[in-house]
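Residue numbers (this note's numbering), protein chains in the order written: chain E, 250 to 706; chain Z, 250 to 706; chain F, 250 to 706; chain Y, 250 to 706.
Worth flagging that the hints you see were computed from the coordinates, not collected in a lab. Some hints could be false.
Distance condition first, Cα-Cα at most 30 Å in a straight line; then the derived DSS-like pairs of lysine-lysine [said to hold, decoys possible]:
| no. | chain 1 | residue 1 | chain 2 | residue 2 |
| --- | --- | --- | --- | --- |
| 1 | Y | K312 | Z | K265 |
| 2 | F | K265 | E | K265 |
| 3 | F | K312 | E | K312 |
Below, each chain spelled out in residue letters.
4 protein chains.
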Amino acid sequence: MIVPQRGLYNELFASKAMHEIFSERTHVQAILDFEAALARAEAGAGVIPEETASAIAAHCRAKRFDLERIAEGTAVAGNVAIPLVAALTDLVARTDPAAAPYVHFGASSQDALDTALVLQLHKALDVFDAELGCLCDALANLVRRHRRSVLLGRTSLQPALPVTFGLKAAGWLSTAVRGRERLRALRPRVLVVQFGGAAGTLASLRHRGLDVATRLAQSLNLGVPDVPWHSARDRLAEVGAALGLVVGGLGKMARDLSLMTQREIGEAFESQAHSRGAPSTMPDRQSTIAASAILAAALRVPGLVATLFAAMPQEHERGLGGWQAEWDSLPEICLLTSGALMHAVRVLSGLRIDTERMRANPEATGGVILGEAVALALARHVGPQKAQALVERACARAVETGLQLRDVLETERELTNHFSVAELQELCDPSFYLGLADDLSERALAEHARIAGGSEK
Amino acid sequence: MIVPQRGLYNELFASKAMHEIFSERTHVQAILDFEAALARAEAGAGVIPEETASAIAAHCRAKRFDLERIAEGTAVAGNVAIPLVAALTDLVARTDPAAAPYVHFGASSQDALDTALVLQLHKALDVFDAELGCLCDALANLVRRHRRSVLLGRTSLQPALPVTFGLKAAGWLSTAVRGRERLRALRPRVLVVQFGGAAGTLASLRHRGLDVATRLAQSLNLGVPDVPWHSARDRLAEVGAALGLVVGGLGKMARDLSLMTQREIGEAFESQAHSRGAPSTMPDRQSTIAASAILAAALRVPGLVATLFAAMPQEHERGLGGWQAEWDSLPEICLLTSGALMHAVRVLSGLRIDTERMRANPEATGGVILGEAVALALARHVGPQKAQALVERACARAVETGLQLRDVLETERELTNHFSVAELQELCDPSFYLGLADDLSERALAEHARIAGGSEK
Amino acid sequence: MIVPQRGLYNELFASKAMHEIFSERTHVQAILDFEAALARAEAGAGVIPEETASAIAAHCRAKRFDLERIAEGTAVAGNVAIPLVAALTDLVARTDPAAAPYVHFGASSQDALDTALVLQLHKALDVFDAELGCLCDALANLVRRHRRSVLLGRTSLQPALPVTFGLKAAGWLSTAVRGRERLRALRPRVLVVQFGGAAGTLASLRHRGLDVATRLAQSLNLGVPDVPWHSARDRLAEVGAALGLVVGGLGKMARDLSLMTQREIGEAFESQAHSRGAPSTMPDRQSTIAASAILAAALRVPGLVATLFAAMPQEHERGLGGWQAEWDSLPEICLLTSGALMHAVRVLSGLRIDTERMRANPEATGGVILGEAVALALARHVGPQKAQALVERACARAVETGLQLRDVLETERELTNHFSVAELQELCDPSFYLGLADDLSERALAEHARIAGGSEK
Amino acid sequence: MIVPQRGLYNELFASKAMHEIFSERTHVQAILDFEAALARAEAGAGVIPEETASAIAAHCRAKRFDLERIAEGTAVAGNVAIPLVAALTDLVARTDPAAAPYVHFGASSQDALDTALVLQLHKALDVFDAELGCLCDALANLVRRHRRSVLLGRTSLQPALPVTFGLKAAGWLSTAVRGRERLRALRPRVLVVQFGGAAGTLASLRHRGLDVATRLAQSLNLGVPDVPWHSARDRLAEVGAALGLVVGGLGKMARDLSLMTQREIGEAFESQAHSRGAPSTMPDRQSTIAASAILAAALRVPGLVATLFAAMPQEHERGLGGWQAEWDSLPEICLLTSGALMHAVRVLSGLRIDTERMRANPEATGGVILGEAVALALARHVGPQKAQALVERACARAVETGLQLRDVLETERELTNHFSVAELQELCDPSFYLGLADDLSERALAEHARIAGGSEK
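Just chain E, with the same shape it has in the complex:
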């Protein structure tokens, strides 16, 4: 087998757990799990004898199959299920010829493939919920730890009012919590069997179709959908979109961190300096590997989500091209999401924050970011218009001269008339103009606690 180039990047862009879930071995096993469960459900419903079911189920082990041959068969047959079911039938025929005709009985290839995918998504969603739990916990800790860490707020990459690093992290947390909520909400819609037979009517099972479907779903720990969904693909596109929202949120965090890690800003760092690739003459060059991997995922997932959406208008009872377009796209989204989550959790566990630099950076603006605070305070004495005019003039002077605003203000009689030097110092201190940063952060923590408390299923 030719090992694809992308394999070299597997461990960079995806987690090992997700790789296992979307490995060829797991996929084949998931198809076989469907076949075994189907046989047992049919036995339970009286469609086939118990022994037949047992004979079939006994062979449903991925390791008994030559996957290279299955891949070759796939190229000819158009999907994995066809050669796999054929190979399973051969195996069964060797030990119990009478059981062979009942392998895959009443099901279509798509029943097997879609249900297998859902079984894999089930595992993936469990992993994502757990990973998002870790991420949210780490973010919540960050929020709590930095509720008083003054940080320069920046809008359009320009200085704005002071904020706290806790509030910034609360924003990241808030999106992650909603992401987790959405992934939980879609479970009942998505975690359902696909089972309809050749055209979605379960015709070959006659009146026992729903009984078989129910038993099948139960044994696979899935729901029974209203109707088979061979060409109604909104469920899968929904999973892709919900993961895309998670990745986009992580991308926002990664972008912020990468900007804060710039040499000239120096507020936050991806754990120890000097990553492996850095030239050893630049010991303080910071690693941005996690941010790179997350931002790469945030660039790649939107196109993959668009593919799932564009593939939705599938023809009649089974799509021609649209269905096939999903096969790599949704697993790819899961892999990239896992990688982004993995890096996010890692970054947070080793994140170094330089609160001194955080405090120094607003200072370096000459304090004019506090102009609004001063103007508001002064307005109470001289009215808003006059206050605004006075402070504007002072700020302009601070910028021109390079003096700190507080030093300029101390020379302005209109201000010293109303405020003591200590009061002026306080007005010009970012930590006294943080508004509700802390209360708002608290609200994000409460949302996290609310979701974290809920069961995932």
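Put chains Z, F and Y on the given structure of chain E with help from the hints.
What follows is chains Z, F and Y alone, placed relative to chain E:
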């Protein structure tokens, strides 16, 4: 003002109602609604005098503003709120100079713009819920009317087992119902005010920030989010994705209908033949205008959704480029969704179904689509393997000779030994091999009833 | 190593040749080819001794490296070049310690990785040109063979005037020829080395930088770009887009073929009926595997192209996330293009055309598609308006009664006054109303010949 | 007419010139230009009388048509050409009833609409070439002006070797030059008439079809394609992609500039500080409006390009949905490209560069970015390994102590043994370690000159 070319297609690609909601007049009014509600909330919280609030609110009428000038100001200032707030301040200053400094007090442009968008989305979601209700009702009627209409099932555009047209419509309904469900589920997450001031801390309102936020949200009939979301954009991307799932589902219906309308298939038609553009020498050329418009939407929305997702990693406290990328994209998705829904509802109201053609098309396959049915029945007498071999041979002969399968079977002793001619006729009759088509359709109707019963909010 | 699920579909969705080109072995070898060529170029330019270059080059064999370890190193270092260069340095150090410091001398990881990618693209473009040559030849044959095969023209999936199958194929050919032309045109822009050192200035090579660059490029059979392009990524996005245009064109062909293969239309087939996966009771069910694979590619490539475009705004001298987003995306586009081409060539080599059905389908419209022809002929006698009115009436009657238009016309005195029965028959014969179908097809063949004659480089 | 909300942003996101080209008036006029040219070409070829052509052409003025009514007709007929041709026919019938049947003779709606679009693209491509010319000239000036302006090179947003601002601008120029080259190269492929009649055969014109096509093309200053391209859409997708490459390149420039404008970096600014929207207490807050608009375009265009690509697989002789999906998408790409170009040209005309800050920023890294330079120089005396070890130690000390590297080096005997203090100062001076920055910039200027010299057609 230059009227853009796309205006010529407005009524083709979007509904009038949605055009109103995303008109410049409505957008400006929504911003002004925010400003008025803000003033009143601040008065209620004791931040500004009641008269000041009244003075401000009195001017918050879109028709008082010169929108061409606002557009010019937008090109300079970078967003609509800046010139609009400036113009509002001028108006207020003329009637109540003391109130002027309190226009937009404590808010940022983005507070106004995002909340205005949410107000518009609120209206849009109401319209979508109603439209989806109409669509689902129409689809439910279609399902009920055609629960016995035999139709050739087609997988990969090739003949498969028979289905009912009711079941096909149930598949469309099922996706539409989930689409409606998702749009309802996101309301509490999405329908929240944006209110954080210059950097998201509400600093200028000091301890009264949350009180103002709560009053503001209440008067706009919105929720209060945990934290301001100036650069946490998952809510908006979520709306785009949920609408994309609706449009993809409509695209599936439109694709099916357009295929059924082909001259050689002739099963379903977009109301009267001979649309306006058809050459008058081809009176039976069918209109496909609705299908075209819906499929066009299904091709365009995925790219727009991808834009919203790709724009998520926005910098620090306000994005630079990402935020601006949303401004047209989300309204565009709403417009295209409205158009797709409009055409879908129209098509269903005038849909002509030719049940005779539906029944004739499977017949034209020579009846081999019933081979499975015959083989299953025969298996009870001769075992599955022998039955399969016999029926395969008969089907091959039917295809070669062009005879109907039932006619071939009547000449096969192995079959006439076990079945009477009447029984063979029944085995080869598609309407006796529809499996659970009807039960499954019923399940989709039940899901529709469940959702339709729920309140939309 | 975990083998990914997608591996099961490799042979369905991509060609073996392209898999080789984008295998991990080939990628690593391409990086090593860069390193060997760099050492030799530096020796040639007098930067390092010849023996040092030889010592380095001698180890530049992919098979000497443990790729699993390189993959592990990649996860830590952030790209493949870092651990690979480290491993190469170790190897060199063992045989020639003095040479070790000159491994990768003056180059950055990105120099190695980008040039390796370009080397792989070079091979891929050669393969694509050859494959497109085969495709175009096959299409040209199809055009020639079917220049007289009457086919129902279909617009918006509804009957239009008659065309020839040759003209339809000429349309496919025309797009393929332009696709080939574009891929040739971009070669000089794209097939250039990446070589700039740590920040694009080649500083460590001092005045010998350009000499080394030129020698490096020459020995790799690439060009020297104006400036290093570490963060100017239009070249790569251009390759993706040009391939996307090829795939979109193949998608158009596949869509047409899949529609022509519908049971009710039955005009064209993907070689033998009864693909492996078809139920054996439906021997005339047609394979659509090639069309599915091509249409799946046509759905997936646009999202991948969008990713490359969205990744273009890369930061400063090397992107953070944007660069990484390209790594899988461009190879993936190449793989999917190769698969679509492979299936297209295969389909054309085995394509079965049913010219009788092609001729029968327009007949089944009752001949009204020739109404325009009759009206034009009649207009010469009675003027256009009267002619139009008469023919419209006749067409309406043909549709109502189910008669053929020619039979209706024979009963209309206004027509028999001017035309003999034989003339009316001819007017109603699609093969006499094919306009310039043949001349236009000839023009497409001429374009193909023009391009096919040109050298590919 | 409802004016859409996006109208408020027209002047922010697109140029006035491009708005004119894609206005409804221009589009309607372009369709009418096609109709007039068609009539004249048919007269020239002897298909219709000269007077008939004149009678038709006389009415082909957009201002004679009620565009609101055309829009209404469009919603019913499915495209603009149908109601417009009907209205034109009515006008002609009033003045010359005999000419009326020859309006639009032999053409299809799509012939008119596609050719109109190509006529608009022709104008757009002329504008883009001119605008790109201005942009490239401005960039070339920037390159020339800053060939000696030392700038900190930054890879992955971390400090790397020094570069020049000239070289950075040369990278922007290089992409823009290639963008211009591509747009010129596609003109002969794209600037062709669409003319094939109802199904692409020109049947109603009989043997005169190509004569008419040639005259039509000539009078519209377009080429004649090999075959009609009603459902072969690669030409249009190609235009979208080529513009996408331009926008992506501008996005890269905008991203760089926005990063350089950060308060803590302060190297480059979008003309005067204090944009209209900035709070007046922050007089040095920089405008980022141009960067925002460009980056927004760079986020939006990829999705629109993907739509054009995804729409390519259009059915048979005219697409159902795919064609309609292009109608807004390609004009939208043109508008966004025009806006990005407009802002780019504006930014460059007012760009303020702070070369002192540029020089100070590398200084602030403590000079360790020159470690490589020192190590290379030292290697000539003590061999590479020892040199590397010595310099690494010195750099580590510089970082720990906060001293400049040059000051650390002066205390190292191993270095003072080989270098004088002046030599060490020079080794640690970024302006002596710029490699080929200037030569490479020169090469980009040469490419620009080469393209600028070429005719645009």
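Hint by hint, here is what the structure shows:
Straight-line distance between C-alpha atoms of K312 of chain Y and K265 of chain Z comes to about 25 Å, which keeps the hinted pair within the 30 Å bound. Between the alpha carbons of K265 of chain F and K265 of chain E the distance comes to roughly 27 Å, so the proposed pair stays at or under 30 Å and holds. Proximity of K312 of chain F to K312 of chain E is assessed by CA-CA distance (about 29 Å); at most 30 Å being required, the pair is judged to hold.
Every hint from the earlier list agrees with this structure, and none is contradicted.
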